[in-house]
Amino acid sequence: RHPIKELATMAGRWCTLAVLIVAMLEVTAAFSLQGGGLTRLSAPSLRVQTRAGTCAVSMGKKKDDCIEMEGVVTESLPNAMFRVELEINKETILAHISGKIRKNYIKILPGDRVTCEISPYDLSKGRITFRYK
Numbered sequence: 021r022h023p024i025k026e027l028a029t030m031a032g033r034w035c036t037l038a039v040l041i042v043a044m045l046e047v048t049a050a051f052s053l054q055g056g057g058l059t060r061l062s063a064p065s066l067r068v069q070t071r072a073g074t075c076a077v078s079m080g081k082k083k084d085d086c087i088e089m090e091g092v093v094t095e096s097l098p099n100a101m102f103r104v105e106l107e108i109n110k111e112t113i114l115a116h117i118s119g120k121i122r123k124n125y126i127k128i129l130p131g132d133r134v135t136c137e138i139s140p141y142d143l144s145k146g147r148i149t150f151r152y153k
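Per my numbering, the very first residue in the sequence shown carries number 21; after that it's consecutive.
Hint data in this document are derived by calculation from the structure and do not stem from the laboratory.
Treat the hints loosely; a few may be bogus.
[What the hints assert, rightly or not] Only pairs whose alpha carbons sit at most 20 Å apart, straight line, appear in this in silico EDC-like list of lysine to aspartate or glutamate: (1) Lys110 x Glu88; (2) Lys145 x Asp85; (3) Lys120 x Asp132; (4) Lys110 x Asp132; (5) Lys123 x Asp142.
Kindly generate the complete structure, drawing on both the sequences and the hints.
See below:
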């Protein structure tokens with residue numbers, strides 16, 4: 021292993037960890053204990069711009085509970101599935117295309133820059149929601 025590449029990978033992981041910690045603090049600030057029950061004050065969302073790319077965390081409705089990251093498509097797989105390398109931490113995830121991209125016949129090829137929504141429950145799978153030109 022190359023020491024510089026290893027340091028870059030560790031820095032990317034620490035950046036992702038810091039974003040997730042700030043997101044958890046944002047979520048706890050959005051709730052309050054009133055009258056013995058937990059009430060939601062607002063739907064928190066967070067967008068962080070780093071040198072490696074952007075990362076967004078939103079905790080609203082069920083479909084909005086996701087981490088949004090930019091990446092590059094590295095491999096095209098059957099059934100509209102793709103391997104995407106994330107720009108922030110250089111991790112590879114398995115992503116499928118969203119319904120609007122499928123409906124509008126937007127073609128995605130290896131090498132394209134895309135935005136992915138990643139589920140907080142399984143960080144190895146995601147959905148491609150936007151293809152950059």
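Hints, verified against the model:
no.	hint	verdict
1	Lys110 x Glu88	holds, 15 Å
2	Lys145 x Asp85	holds, 14 Å
3	Lys120 x Asp132	holds, 17 Å
4	Lys110 x Asp132	holds, 15 Å
5	Lys123 x Asp142	violated, 26 Å
This entry does not satisfy hint 5, going by the numbered hints stated previously; all others are met.
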